[in-house]
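Visitor: Here is how the chains run, residue by residue.
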Amino acid sequence: MKKALVLLTAMALAATTFAVEVGKPAPDFTATDINGKTVHLSDYKGKIVVLESYNSDCPFCANHYKTGAMQELERDMASKGVVWLIVNSVNPNNSSYRTPEQARREFVDQKITAAAWIDDSSGAVGHLYDMKTTPDMYVIDKNGVLVYAGAIDNRPQPFGDPRTANNYVRDAVNDLLAGKPVAVSQTKPYGCAVKYAD
Amino acid sequence: MRRIGILFAIGCCLAALTARAAHTQAKLILSADTAKPGDTIWAGVDLKMESGWHTYWKNPGSAGIATKIEWQLPPGVIAGEIQWPLPKKLPPAEVTTYGYEDEVILLVPLTLATNLPSSLIDLKANVSWLECKEQCIPANTTVDATLNVGGETKISTDAALIQSWQGKTPKSGNSLSAQAWWETPATNDTRSLIIQYFPIATLERLIIDTADFFPGASDNFEIQAVTENLPGNASGFRLRKLVKKYSGDWPKEIGGVIVMERGGNREGYEIKLPVGNQAPAGEIAAITSMISTAPTPALPSQLLWRMLLYAFIGGLILNIMPCVLPVIALKILGFVGEARSEPRRVRNLGLIYALGVLISFLALAAIVIGVKAAGHRAGWGMQFGNPIFIVCLTTLVTLVALNLFGVFEVTLGGRALDAAGGLASKHGAAGAFFNGVLATALATPCTAPFLSIALGFAFAQSATTIILIFLFVGLGLASPYVLLSWNPAWLKFLPKPGAWMERFKIAMGFPMLLTAVWLFNLAYDDYGKHVLWLGVFLVIVAFAAWIFGEFVQRGRKRRGIALIIALLLLVGGYAYALENQLRWREPMAETDTAGSLKESPDGIDWQRWSPEAVAQARAAGKPVLVDFTADWCLTCQVNKQLAIEIPSVRAKLKELNAVAFVGDYTHFPNNITTELNRYARAGVPLVLVYPKNADAPPIVLPEVLTPNIVLNALNQAAQ
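Those protein sequences? They're chains A and B, same order as listed.
Count the first sequence with the numbering used here and you get residues 1 to 198, in order.
Count the second sequence with the numbering used here and you get residues 1 to 719, in order.
Extracted from the complex, chain B is given alone in its bound form (with noise of 0.2 Å):
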């Protein structure tokens, strides 16, 4: 009696501990009701933690231990190794361990015997774990459940549950091409290790906000938390890792996950690496080629139709983007000038303007990969970050307006394509053709949504797909002109041929000389103030068009004389304003206009980016905007005006006490290139806003702004 009494206080005992212990509850499930002999099934084993409690990785990290299962199974039944779902970095920094809040199923296949016989098996496991909040309790419990052995298969209700916990496990790693390497020799107990991997797979979700790495456990060195991203190239990440070495030699392969980040999206990917004592050979010269020639991983077919899918509706949007609004005008204007004509000339015209938009992104695509080929970092309307190009395009814009204006017609050039095709008349082909090449020329500073992705994508292939996905934009941009020329019938609306038609194509002629002024004050970055030799040369430019129109085209006497006047003030005019007064090939250094950069008394008071400088401002807790823009990207100018530099922004940064960026990409400086990469952007704009918790990352925001994405992501950043 009284040792029943003892066994019973005991008891009580023990009950108590498990009850004082039990801020983690486990439970077994399964994902089948019933499964029939040789069925692999899974089991899971389903830690719930009270809030603030956490249990541990198959490697803990710095501190802890992992969760422990140990099964009581029938004879028949093999259970396989668990499938750790992707942990958490848990604090503090300075003892970081890798574990799971709130819940985590373990889960473990559980192979039957082909000649197990049909009954209700008992399927058992004694659990193990620590869990820690303020203090480590350790705990165990027994966790059973039951499974029918039949003829057929019933999954659970707790199947999909199962599932869903598999999409967190990771994936096998062998598609990310992964290396390793020693950054640093063996000189004492802590080495620099370097991991470099390709997310071919996870493209799609392009713009990854972290990547970082979980190193499976051992016993002989510790592959510490801390992890560095360090600028890779535009497909690859590189991760920088401390090593710290406890006995044996250094170890030559390490095992871990992989894992990258978007909003809350978590993928994993499981690696072994042989780790090599130095960088691959060649480094430098494979990451060029990787990007340029080198055959990338096969691609998923179905990625890159997805992507080609965003090129072109990336093209198609560029139609009413800013920097294309003018041509515009003047497709709007072919229409009404053609759309009366016979079917078949239309629908030519239609076609010659889809040509002069493919070739001139076929240019565009052999610029791209001649500056990869080349080893540089290429990006969209890189173009306009080079003064000559500048100068041309402002020369050229500024004769389509006159044109408009009616100062003089343009007839040359249709010859060659009349001839060959025997297609329409000069005007209206070399016209079409023509309208296809500036409106791509036009195109390029605006990024399109969409097409930042496609684009992204592209810069990072091979050269064929290059080709093909600046194809598909180009063929978006067409696709609307080409589309109304073959259905005629849809531009009824248009009134009938008539004066109002010279009056319009006068009026459009307007928005065309703003995109010339606007090209003009892009100049003067490069000139500066000797960009008023370009306005004379334009000036005389004007005037030889004039006199070529008036006398040469519409004259009747002394064609030859002043068509001779004109060239020779179109070369005059070349010699003395560009040549020897702007000295337009030879550009003036660029010059660093150092302090605040506000643009007015009470506007944002931006400072100058630099990693360093978002660094400090983020060490210093506070929340950062950062605005990557360039002088030529219109998008970044109208979000500028309508989302960032207006006043309730300006009172949210104050409030916040948030630091503003502005990182100036109109030259191209590499360090913002790198920067774009990393967030898989192939240009401007981008804007950033970091959160003033200096471990949290970057929100990347959209392309297009409204006040409300900044406010609420300022406000979001300041949690």
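This is chain A alone, in the form it adopts within the complex (with noise of 0.2 Å):
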């Protein structure tokens, strides 16, 4: 039965993997947040949204909180009128996953400042955007188009100060306010692997 399900979802996956484009319409969404408010991403049309895979028990997105290079990057994005959305899809068995109420005092204590932190415990958001690794980074633009998807930075270590890297987010969004082509939209991403349920 389990294993059934795992080819069901790898089925439904290697539907989905072309689903999600550089280029092309951002797949819309609705989800709930740790505060149990529901999230449609076509809320966000007319503004940029950026998604980011998220486990904080994940070497590589932990040393971007305990460095607290992404803070300073989501108040960046947030003073510019840009949604961050974290989504995080650990399941339920593994144990880095957060209840609601371990995930609101993470957010609190981590000071985080994304417009929601999106509970994908079921794995839905993170299987529709292929999301492979925590953190694995998608800029959607004003017309809910993504225009970027793949790595944060081009620095792919757990260790040291991610500010000396070339943010690719950071890029992306300021290419979008400058009315330009988005010049870097697809990398590598990297990082640990999601922890989706079996």
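Among the hints, a few may not be true.
[What the hints assert, rightly or not] Quick list of in silico lysine-lysine cross-link-like pairs, DSSO-like style, CA-CA up to 27 Å:
1. Lys188/A with Lys245/B
2. Lys188/A with Lys68/B
3. Lys180/A with Lys244/B
4. Lys68/B with Lys24/A
5. Lys245/B with Lys24/A
6. Lys188/A with Lys58/B
7. Lys89/B with Lys244/B
These are calculated hints, taken from the structure and not from any lab test.
Just so you know, these numbers come straight off a predicted model, no measurement behind them.
Taking the hints as your guide, dock the two standalone chains into a single complex.
Guide: Set out below in structure tokens:
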């Protein structure tokens, strides 16, 4: 049964792998955030949206938060009117899973300034966007078109200061705001595997 | 004092951190205790991981990070590139990574300068890795080892361990004749890539369970983990991989490791290939000619010898396979009749028999080469799918049985040989030669163990190799008889010639008659109920044979009239029964009987085989049994009766909720030929058991089955 489910998921995945494509409309989703609020991606039409696949136990994500680089980026983006959505797809059986209550505490402790933290323990949003790693980043423009997918920066390390790296998300958003086409629109994501349910 | 306290506290924390991260233990081992200047020794970074934890390969895959070694070496010592042992694919499927579980030793060559002074030197490295189970933890540690630089080279106690891990690193893939090309045009960010190769060097382990490709790391594109094994041709493998492009142009070159697995044995081959924009020119034609005429990449002579040995042993075993047993009767009879004659004559008869066998095998080889040159797939025993052949052979075997019963004698055709060689009486020489031909004709539906390996190999080779292999099978088949004929002393246990010989001859006619009935039964598939007319024809032939024997050969008067009557009977019987009623040269179209193929009410619920049906059953998490069989394959029938369609296996299949498929190879459907080629078999039987874990490769059962082999495989499949 479990195997069959995995297979079904894999098949569903294979079907969706090509649903997400840079330069094409980003697929809409309906999800619930850690406060129980319903989030529709389509609600943010007219604004730039950043999706971040998140797992603070993953040393790559942890490094971005421990050094404060990620919070800085979130604040910077927020000041430019960008909507930042955290997507946590860790399944409930994994030790890195956060209950909504734990997540709310972490949201405060980590000084996160995202618009919402989506509780995606079912993996629906993660699979829809074919998120592979944490962190795996997506930038969607004001018209709802996916303009960037991939790594957060060009420094695939769980140590050191991410600020020294070339941040692809910041570059993509700045290109959009400057009315230019996004220069680097796709990179290979790095990090830990997303802890999807089997 | 306070500062020391703080330092101490920090030290504690660091120690605690390391301890928390220590799900992996690292140490440095060396292949030598003492080495001379100018030597290259091997260093091994040995990573031992706790159960469930893994570290990563040089290309970590969709996530993770490769283990890194930063050397701190004294001057005069230079570290080379890491030699990575073959990794495994690690789950989950949607984020496949490549790495190691339990233990890995990363090997690095260290070269000592020729002017290195004699001394004890300290070799140090900082090793950093990411270890993952449910969570991932980055860790690093410094490892070190001492090496004595002196006037001699002395290996260490770890040398054997290092050597065993060297066996797990990929070899050069130059011998694979690999090619890569884009299967699809560049329309979006994903494109499908075909990698084709010909695993000549691994043919000794002919039956390969899985073939896979582990790509090297790349920034601008990613060769995804899923590998699709496409039907290649007899000797080649073809893999389809999806490539996702992130930036820049589509890659012009790809690199990585081809991994072939058989049983628990894995072999890797490092390749680097230019990527063509389309399939190589004349791909289809190329494959055909590659099999038949084109020079196959140089064949290691050792391998050829081994295959010839297999061919010989296989031929030897053919002597006792069920389809050849009736001919053995003839052979023994021949011995009893001839053994008391002068030794030279007996020897010559043995050689003539061998000649009959060898010439028949040469004819078979010629047919195989011809069929291949025509671009078709050849299979062992393929003539048994041809109804015309079956009708001829049935008639022939019936005549042989009648001959044994003494209805008529064989004296035809001996004159030419007699005149040419002055060897023996007409009877003996012609009979011996004919025995050889008949033994070969009946041997073909049987694939003996060893023979399938040699034939699977032969069918993919050049014409010369095919001929060689076939000749060796023939030699194996003929050798016991030839040996005995040169050492008639070994036959002392046989009674003196006498009346018993006539009885023995008649008794041996019955197994021959049984063979005729079996062949007759094969014809049913092609002619349906019209097969009755084949029976009528056989009776007419028998009647004509009796008239010939009784009134022409043994008769005194009017022998001419008797001969004419016999001939008229034959011609009339042929014209009416075979041509007019049976229409033997135009068998009716094959009918596809649908539904369950159950043979008895409580029998196994066989389903018709198709790759899709197997995939479907596996997707449902069921173990699968596949029996590739053919009506003309006696080994298959014996296997089924003794080891498959038996109560214990029926019960086991029910208990495991397994699905049983039968693939009927009687008429050589192409999809089954492809499947046989995939397991490097030239013919049936082929019995596969697929584990219920849909990712696991099937278990390939041996040719000759026992109930235990089948039950064990099923139990294994259910785990």
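Visitor: Give a verdict on every hint.
Guide: Evaluation of the provided hints:
1. Lys188/A with Lys245/B: Holds. Lys188/A to Lys245/B sits at ~9 Å (cutoff 27 Å).
2. Lys188/A with Lys68/B: 20 Å, holds
3. Lys180/A with Lys244/B: Measuring from Cα to Cα gives roughly 25 Å; hence the hint holds.
4. Lys68/B with Lys24/A: Distance of about 38 Å is beyond 27 Å: violated.
5. Lys245/B with Lys24/A: Judged against 27 Å, a Cα distance of about 16 Å means the pair holds.
6. Lys188/A with Lys58/B: 15 Å, holds
7. Lys89/B with Lys244/B: With Cα atoms ~18 Å apart, Lys89/B and Lys244/B stay inside 27 Å; holds.
Checked against the numbered hints given earlier, the structure breaks only hint 4 and satisfies all the rest.
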